Amino acid sequence: MSELKEREVEIQIRDLGVTFKDNAGNDVKALTGVNLDICKGEFISLLGPSGCGKTTLLRTIADLQEPTEGTVRISGMTPKEIRLQQKFGFVFQQPVLFDWRTVKKNVELPLEIMYQSKEDRSKRADEMLEMVGLKGFANHFPNQLSGGMQQRVNIARAFGIRPELLLMDEPFSALDEFTKEKLHEDLLRIWRQTNKTVVFVTHNIQEAVFLSDRICVLSPHPGRLSAVVDVDLPRPRTLEMKESEHFNELVYEVRGKFEGGSV
Amino acid sequence: MAQTTQKIKRPKTLYQRFKENSKAQSAATIVMPVLLGVVIVILWQSQALHHLLRTNTFTLPLLTRIGEIFGENLDKIWDNSVATMTVAFVGLLIGSLLGYGVAIFAALCPRVGKGGLTVIGAFASIPVVALAPVMNNWTKDVSDVASVRSMVAKILVVMLIAAANMCLNAYRGLTELKPYAMDLMDTYAAKKRTVFVKLQLPNSVPYIFTALKVSVPSSIITAIVSEYFAEYIIGVGRQIRENIVLAQYPTAWAYIAAACLLGVAAYVVLMIAQSILLRRYH
Numbered sequence: 001m002s003e004l005k006e007r008e009v010e011i012q013i014r015d016l017g018v019t020f021k022d023n024a025g026n027d028v029k030a031l032t033g034v035n036l037d038i039c040k041g042e043f044i045s046l047l048g049p050s051g052c053g054k055t056t057l058l059r060t061i062a063d064l065q066e067p068t069e070g071t072v073r074i075s076g077m078t079p080k081e082i083r084l085q086q087k088f089g090f091v092f093q094q095p096v097l098f099d100w101r102t103v104k105k106n107v108e109l110p111l112e113i114m115y116q117s118k119e120d121r122s123k124r125a126d127e128m129l130e131m132v133g134l135k136g137f138a139n140h141f142p143n144q145l146s147g148g149m150q151q152r153v154n155i156a157r158a159f160g161i162r163p164e165l166l167l168m169d170e171p172f173s174a175l176d177e178f179t180k181e182k183l184h185e186d187l188l189r190i191w192r193q194t195n196k197t198v199v200f201v202t203h204n205i206q207e208a209v210f211l212s213d214r215i216c217v218l219s220p221h222p223g224r225l226s227a228v229v230d231v232d233l234p235r236p237r238t239l240e241m242k243e244s245e246h247f248n249e250l251v252y253e254v255r256g257k258f259e260g261g262s263v
Numbered sequence: 001m002a003q004t005t006q007k008i009k010r011p012k013t014l015y016q017r018f019k020e021n022s023k024a025q026s027a028a029t030i031v032m033p034v035l036l037g038v039v040i041v042i043l044w045q046s047q048a049l050h051h052l053l054r055t056n057t058f059t060l061p062l063l064t065r066i067g068e069i070f071g072e073n074l075d076k077i078w079d080n081s082v083a084t085m086t087v088a089f090v091g092l093l094i095g096s097l098l099g100y101g102v103a104i105f106a107a108l109c110p111r112v113g114k115g116g117l118t119v120i121g122a123f124a125s126i127p128v129v130a131l132a133p134v135m136n137n138w139t140k141d142v143s144d145v146a147s148v149r150s151m152v153a154k155i156l157v158v159m160l161i162a163a164a165n166m167c168l169n170a171y172r173g174l175t176e177l178k179p180y181a182m183d184l185m186d187t188y189a190a191k192k193r194t195v196f197v198k199l200q201l202p203n204s205v206p207y208i209f210t211a212l213k214v215s216v217p218s219s220i221i222t223a224i225v226s227e228y229f230a231e232y233i234i235g236v237g238r239q240i241r242e243n244i245v246l247a248q249y250p251t252a253w254a255y256i257a258a259a260c261l262l263g264v265a266a267y268v269v270l271m272i273a274q275s276i277l278l279r280r281y282h
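Chains C and F supply the protein sequences, listed in that same order. Residue 250 in full-length UniProt numbering sits at position 250 of the first sequence, with consecutive numbering throughout. Residue 263 in full-length UniProt numbering sits at position 263 of the second sequence, with consecutive numbering throughout.
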């Protein structure tokens with residue numbers, strides 16, 4: 001962590017609050033008073049039960065959601081400026097692949113939108129598919145792939161644009177345990193290779209501990225940042241670490257941060 | 001208790017075995033309709049049908065007689081079929097394009113568009129028999145030539161029906177997107193035009209075929225019905241009417257057969273087009 005503190009701060013969140021109107025027209029505080037610094041190259045998780053505002057926080061960083069109060073600055077710019085410069089990749093809960101495009105064409109989609117040349121797009125898509133282990137499936141259509149493979153295409157597409165920042169919203173929550181573990185390892189390997197900042201939303205404590213440098217624990221009603229836990233497990237992480245005593249201590253520590261311990 | 005045990009051990013009935021056999025099932029979907037057709041042909045040709053319906057071979061001619069007349073009038077039937085298909089196809093084409101255009105407008109400007117869709121939904125429910133005479137009246141001054149006037153009137157009716165159907169379906173195709181698809185395009189800072197071309201347009205393609213599956217048969221039916229009311233005497237539908245009025249029932253039935261063939265042929269063409277164009281969408 002001391003090493004992290006010396007790193008450059010990439011995302012600066014100050015007094016952030018987001019208020020929605022519910023169906024009856026009443027104000028509902030989804031997030032309130034969030035202060036957080038996220039460093040360059042850091043893998044940080046936003047952890048909490050549903051309704052704690054973790055997805056709202058991520059969407060605010062991505063400029064998919066306007067803050068009601070406070071500010072978010074990414075490398076000194078607003079989220080909107082960063083979005084318009086196409087500097088981040090977003091991985092949604094669902095793969096959101098276009099059925100009418102092949103796997104490769106799906107990975108090329110953002111590159112097309114960014115007016116890259118045909119050769120560059122094709123080369124980059126091939127690289128990305130190789131990275132996620134789907135080289136042989138370039139010309140398949142999404143519905144010919146399993147859920148885990150579709151989510152890998154999703155990740156390949158997000159990394160394809162060489163994002164400064166990768167925002168992931170419960171990307172593995174719909175997958176089975178085996179596929180999830182495999183993708184955890186893949187994601188950490190790709191993260192190590194590319195050295196990007198990753199903000200990862202999850203409701204799974206083990207997942208957060210296994211992947212992250214730091215875990216932000218959020219509590220609901222109203223959604224707020226209640227604790228930040230440093231994860232000092234060595235890198236590179238291996239699946240065996242999940243059996244270690246230290247891993248379980250960390251899981252226990254994070255669990256203790258939830259109020260009432262009911263989660 | 002003893003009874004239930006017995007029930008479980010009972011061997012499967014023939015019906016159960018048939019139901020669980022997928023090969024037999026898919027064969028049945030072909031065999032059954034063919035069988036039904038053969039039964040009707042036998043009943044018809046043997047005049048059993050006439051006894052059942054208490055009619056005679058004058059009003060319900062034998063199939064062989066209808067076939068004979070069909071063969072003798074092949075040229076005339078062909079000319080009238082071309083006239084009907086021209087009306088159906090031109091109306092379908094212009095109407096579908098128009099409907100798709102309105103759907104695009106509604107999808108891009110939801111505030112104005114949604115109201116427009118309600119109006120079009122109302123149009124879609126106007127019966128053809130009501131629309132056809134109105135169109136005849138409206139197009140009286142379009143041309144000095146009766147055949148042209150009638151053609152325009154008939155095409156307009158088909159067009160309206162096809163446009164309404166296409167518009168409602170295409171609008172769904174342009175707006176009912178996968179969850180997060182719009183957010184994904186937002187994260188790429190994609191322009192509205194790009195979102196339209198790369199997401200909404202391709203997303204609407206299967207819906208176009210949903211519309212056409214209804215529009216293709218209905219445009220032929222609409223063309224046939226509007227011919228009844230048209231000023232100029234031409235078309236398969238009009239020939240059915242004229243020949244019934246003249247009590248030339250075998251000829252009327254020959255045109256009914258032609259109408260069926262046109263409908264089936266158009267649907268087959270559509271299905272082939274769909275199987276080629278929709279290969280990527282599942």
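These are calculated hints, taken from the structure and not from any lab test. Remember, predicted model here, so these are calculated numbers, not experimental data. Do not take every clue at face value.
Calculated lysine-lysine pairs in the BS3-like style (CA-CA distance at most 27 Å, straight line) [to be verified]:
1. LYS198(F) to LYS21(C)
2. LYS123(C) to LYS105(C)
3. LYS191(F) to LYS135(C)
4. LYS180(C) to LYS135(C)
5. LYS21(C) to LYS178(F)
6. LYS198(F) to LYS123(C)
7. LYS213(F) to LYS80(C)
8. LYS180(C) to LYS191(F)
9. LYS178(F) to LYS87(C)
10. LYS192(F) to LYS87(C)
11. LYS87(C) to LYS191(F)
12. LYS114(F) to LYS178(F)
13. LYS105(C) to LYS114(F)
14. LYS198(F) to LYS118(C)
15. LYS198(F) to LYS80(C)
16. LYS105(C) to LYS178(F)
17. LYS114(F) to LYS135(C)
18. LYS198(F) to LYS105(C)
19. LYS192(F) to LYS118(C)
20. LYS213(F) to LYS191(F)
21. LYS80(C) to LYS191(F)
22. LYS80(C) to LYS19(F)
23. LYS123(C) to LYS114(F)
24. LYS191(F) to LYS118(C)
25. LYS87(C) to LYS213(F)
26. LYS105(C) to LYS192(F)
Here is what the structure says about each hint:
Taking the CA atoms of LYS198(F) and LYS21(C), the gap is about 32 Å. The hint is violated against a cut of 27 Å. Pair hint LYS123(C) plus LYS105(C) holds up; C-alpha atoms about 12 Å apart against a cutoff of 27 Å. Distance check on the hinted pair: LYS191(F) and LYS135(C) sit about 31 Å apart at the alpha-carbon level, beyond 27 Å; violated. Restraint check: the Cα-Cα separation between LYS180(C) and LYS135(C) comes to about 20 Å, which is no more than 27 Å; the hinted pair holds.
Taking the CA atoms of LYS21(C) and LYS178(F), the gap is about 24 Å. The hint holds against a cut of 27 Å. For the hint pairing LYS198(F) with LYS123(C), the CA-to-CA distance comes to about 21 Å; that is within 27 Å, so the pair holds. Between LYS213(F) and LYS80(C) the CA atoms are separated by roughly 44 Å; this puts the pair beyond 27 Å, and the hint is violated. The hinted pair formed by LYS180(C) and LYS191(F) fails the criterion: a straight-line CA distance of about 34 Å is larger than 27 Å.
Between LYS178(F) and LYS87(C) the alpha-carbon distance is near 24 Å, which keeps this suggested pair within the 27 Å criterion. For the hint pairing LYS192(F) with LYS87(C), the CA-to-CA distance comes to about 19 Å; that is within 27 Å, so the pair holds. With a C-alpha separation of about 16 Å, the suggested pairing of LYS87(C) with LYS191(F) holds against the 27 Å cut-off. With a C-alpha separation of about 20 Å, the suggested pair LYS114(F) and LYS178(F) falls inside the 27 Å cut-off, and the hint holds.
Using a Cα cut-off of 27 Å, the hinted pair LYS105(C) and LYS114(F) is violated, with the two alpha carbons roughly 33 Å apart. A distance of roughly 16 Å separates the Cα atoms of LYS198(F) and LYS118(C); the hinted pair therefore holds under the 27 Å criterion. Under the criterion of a C-alpha separation no larger than 27 Å, the hint pairing LYS198(F) with LYS80(C) is consistent with the structure, at around 22 Å. Of the supplied pair hints, the one linking LYS105(C) and LYS178(F) holds, its CA atoms being roughly 17 Å apart against a limit of 27 Å.
Of the pairs offered as hints, the one joining LYS114(F) and LYS135(C) is violated, with about 45 Å between alpha carbons and a cut-off of 27 Å exceeded. Straight-line distance between C-alpha atoms of LYS198(F) and LYS105(C) comes to about 11 Å, which keeps the hinted pair within the 27 Å bound. At most 27 Å may separate the alpha-carbon atoms for a hinted pair to count; LYS192(F) and LYS118(C) meet this at roughly 22 Å. Taking the CA atoms of LYS213(F) and LYS191(F), the gap is about 33 Å. The hint is violated against a cut of 27 Å.
Distance hint between LYS80(C) and LYS191(F) is fulfilled; the C-alpha atoms sit about 14 Å from each other, no more than 27 Å. Proximity of LYS80(C) to LYS19(F) is assessed by CA-CA distance (about 59 Å); at most 27 Å being required, the pair is judged violated. For the proposed pair LYS123(C) and LYS114(F), the alpha carbon gap of about 43 Å is over 27 Å, so the pair is violated. Between LYS191(F) and LYS118(C) the alpha-carbon distance is near 20 Å, which keeps this suggested pair within the 27 Å criterion.
Our distance criterion of 27 Å between C-alpha atoms is broken by LYS87(C) and LYS213(F), whose separation comes to about 44 Å. A hinted pair counts as satisfied when its Cα atoms are at most 27 Å apart, and LYS105(C) with LYS192(F) qualifies at roughly 20 Å.
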